[in-house]
Structures are given as structure tokens and as C-alpha cells.
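**Student:** If you're matching them up, the sequences are chains A and B in order. If you count by the working numbering, then the first sequence holds residues 1 to 204, one letter each, in order. If you count by the working numbering, then the second sequence holds residues 1001 to 1135, one letter each, in order.
Think of the hints as simulated: they come from the structure by calculation, not from any bench. By construction, the Cβ of each residue, glycine as well, lies at the ideal position given by its N, Cα and C atoms. One thing to keep in mind: the hints can contain errors.
Result set (DMTMM-like, lysine to aspartate or glutamate): computed pairs, CA atoms no more than 25 Å apart in a straight line [stated by the list, open to error]:
no., chain 1, residue 1, chain 2, residue 2
1, B, K1098, A, D158
2, A, K164, B, D1105
3, A, K164, A, D88
Going by beta-carbon spacing under 7 Å, a handful of chain B positions derived as facing chain A [what the hints assert, rightly or not]:
no., residue
4, S1021
5, A1023
6, R1030
7, F1031
8, L1034
9, S1036
10, A1040
11, E1059
12, A1064
13, A1090
14, Y1092
15, L1102
16, A1104
17, E1106
18, L1107
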Amino acid sequence: MPMEQRLKDATDESGARQRATLRQELPLLAGMMLVWGALWQDFAIGNLVFGLLISLVLVRVFRLPPVILSGRFNVWRAAVFAGAFLRDVTLASFEVLYLAVFRGPRTTSAIITVTLRTESDLLVTFVGHVLTLVPGSYVVEVDRRTSTLYLHVLNVNDEAGVEKARAAVMMIEERLIRMMGTKEELAGLNAEKSAPGKEHGETP
Amino acid sequence: MLDTVIDIVAGTFMIVGCLMSLAAGIGMLRFPDLLSRLHAATKPQVLGLFLLLAALGLELRSWAVLPVLALAWLLQLLTAPVSAHMVGRAGYRTRHLKRETLIADELAAVVEAAEQREEAEHGRNGNRDRADFID
Chain A
1 MPMEQRLKDA TDESGARQRA TLRQELPLLA GMMLVWGALW QDFAIGNLVF GLLISLVLVR
61 VFRLPPVILS GRFNVWRAAV FAGAFLRDVT LASFEVLYLA VFRGPRTTSA IITVTLRTES
121 DLLVTFVGHV LTLVPGSYVV EVDRRTSTLY LHVLNVNDEA GVEKARAAVM MIEERLIRMM
181 GTKEELAGLN AEKSAPGKEH GETP
Chain B
1001 MLDTVIDIVA GTFMIVGCLM SLAAGIGMLR FPDLLSRLHA ATKPQVLGLF LLLAALGLEL
1061 RSWAVLPVLA LAWLLQLLTA PVSAHMVGRA GYRTRHLKRE TLIADELAAV VEAAEQREEA
1121 EHGRNGNRDR ADFID
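Construct the entire structure; sequences and hints are all you get.
**Tutor:** As C-alpha cells, then:
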């Protein structure tokens, strides 16, 4: 999405609804159809078609703003992302358990700023969701205009810990861009990797 | 033989899953302020629920329940971060935090800047409890 459009959307207070086209709603419809099948525990064609019809009625009656997808999805990167996510969640869960039992009231934390590379609302939401699901960090505040997340991070003891937490968030974003970012974001990421020494995610 | 192995794995999953609930309880009691207690209140359930649902899937030995279990976990994944964010945001804005437990607070500078901008535009007014530092 171009920057002007983003700024316009972010400051738009007219309350006018943007309408999603049928093509933009396809992933939502497919998802709702599968939920219907899962709830009935029946994935027969007839049941799925009926679920699709109900989904169509629902998205017509309860309109949602359009979700802008990048048009790219890498299945292998998605598997890498899922594996890394499960590993992070497991390790961090035991870390929080350790902190609760042994450090308790002496646990220190920090509120840090991370400026993401991406400009897409969907990716910012995704990064925020994923890092909130991994124990030890959650989003306190979001600045949509600059894709900036303000996070509360548990168990940060010094300046080095702040940098480590920032690097972890940039890593989550990198995995997500490789999985479903736009071509431009991916090219930017590769350029950044091939030209080391350029720091991202720093506070301006 | 296989049944025994599956039972043992499922049992381990259940115990570790319950351990995560215990971690949440201990964390709620022991962490120093609202912002750090939120970590204990919302997160261990991501892994805890996953392990309990996985144990359920193993014990029921039926492929038909897998989509429902996956759906239950996914809905938890969708909603837990939203509640953590809303409570954390409200907690920060109403200043329910202990400054001495924070090593760094990079959001404070943003709040400060918004206060100064406000003063420059409208002059000083009595209300210092800003709740709209990012619009």
C-alpha cells in the first residue's frame, strides 16, 4: 500500500466503510467454510457447500473492511515459521515458569520500541499477535503510521537485553515476510541481509 | 504396546499442560506489577491448552475430532493477544505500573512529546493524565 494511502487511512475519521471485493473475501470465505466443516465434524461436499452459502450470507450482512493480502504465500516458509513458533512458545513458557518461581517480585522488565520494516497492516497485526503469543512480550501500544510497536518485555536486565528483545521481534518479522510479505518487502529484506552493518529496528 | 506408548505421551502432555496453569497462578501471585502479571495471566495457556488438546486428540484416537481441537486452539490464539493488549494498554495509560521494575521505558518519551505538543497548541491545562498520546 502506498504511504499516502496509509496515512489517509490512518487519519480517516469519516466513518465511511470501505467495501471488500469478492476476490478479497475469498480466504475469509474458505476459512469460514472449514470452520463449519470442523464444527459439524463432517467434510462431505454437500455440507461444505452449505457452509459456503452461510458464509456468503454472513459476509454480506456483517460487512468487514477489506484485508489487503500480498498475493504471495510460501508453504515451506510457513512450515519453518510454525516450527520456530512452537519452539519459541515452549522455551518461553518454561522461562516464565522459572521466573515466576525463582525471581518473582525481583523480575525486571522494559518497554521497548520496535519500528518494523513492513508497511502492511496485516503483517503488523501478525507480528504483534505472534510476539504476544510467545510468552515474555506483548504489545502495549501501536503507531500505525510508522509501523511502530511498543512492547512490554519480561526479564530484561540491562541495555543488552533490550537489544536482544528488539532483534527477536525483527526475526519474527523476517520469518513472516519470507512467508507472506510482498515481493518488494522480500527484496528489501534480501538487500539488507546482503549488505551487513546496516542496523534496523533502532529508535530514530 | 502402541497403546501404552500413546497413553504415556498423552499423560505427559496433560501433566505439563497443567503445570502451565500452575505457572500462571504462581506468576499472578509473585510478579511485581500489573504489566508483568499480564505475562503470567495470558501466555502459559498458549502452550498449556495446546498440550491438553493434543493429549485429548491422542486419547480419543479419532481423526474426526482433530479439526475441532485445532479450531479450539486457533480461536484461543486469536483472542488471547487481543485481551493482553487491551488490558496492558489500559494499564499503561492509567499508570498502573511500578516504574522501578522497568529497565527502560521508550514509550515515556512519546507521551512526553505528545504532552509538549499539546501545551504548545492549546496552552497548559490541568489534565495531565493523557490517554491519547498516539492517535
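**Student:** Work down the list of hints and note, for each, if the structure agrees.
**Tutor:** Structure-based check of each hint:
A distance of roughly 17 Å separates the Cα atoms of B/K1098 and A/D158; the hinted pair therefore holds under the 25 Å criterion. This hinted pair checks out: A/K164 and B/D1105 have alpha carbons roughly 16 Å apart, not beyond 25 Å. Annotation: proposed proximity of A/K164 to A/D88 holds, straight-line Cα distance about 14 Å (limit 25 Å). Interface restraint check for B/S1021: the shortest CB-CB distance to chain A comes to about 11 Å, outside 7 Å, so the restraint is violated.
For B/A1023, the interface hint holds, since its Cβ comes within 7 Å of a Cβ in chain A; the closest pair sits about 4 Å apart. With its C-beta approaching chain A no nearer than about 4 Å, B/R1030 sits inside the 7 Å limit, and its interface hint holds. Restraint check, B/F1031 versus chain A: the minimum CB separation of about 6 Å is within 7 Å; hint holds. For B/L1034, the interface hint is violated, the least distance from its beta-carbon to any beta-carbon of chain A being 10 Å, above 7 Å.
Hint on B/S1036 holds. Least Cβ distance to chain A is approximately 5 Å, under the 7 Å limit. Among the interface hints, the one on B/A1040 holds; its C-beta lies about 6 Å from the nearest C-beta in chain A, closer than the 7 Å criterion. A hinted interface residue such as B/E1059 counts as satisfied when its beta carbon comes closer than 7 Å to some beta carbon of chain A; here the least separation is about 17 Å, so the hint is violated. The criterion of a C-beta within 7 Å of any C-beta in chain A is met by B/A1064, whose closest approach is roughly 5 Å, and the hint holds.
The interface hint given for B/A1090 is violated, since its Cβ lies 10 Å from the closest Cβ of chain A, which is over the 7 Å cut-off. Residue-level restraint check for B/Y1092 holds (minimum Cβ-Cβ distance to chain A is 5 Å; threshold 7 Å). This hint holds: B/L1102 has a C-beta 6 Å from the nearest C-beta of chain A, less than the 7 Å allowed. Checking B/A1104 against chain A by beta carbon gives a least distance of about 4 Å; that is within 7 Å, so the hint holds.
Using the Cβ-Cβ criterion of 7 Å, the hint placing B/E1106 at the interface with chain A is satisfied: the shortest such distance is roughly 4 Å. For B/L1107, the interface hint holds, since its Cβ comes within 7 Å of a Cβ in chain A; the closest pair sits about 5 Å apart.
Violation of the numbered hints given earlier is confined to hints 4, 8, 11 and 13; the remaining hints are satisfied by the structure.
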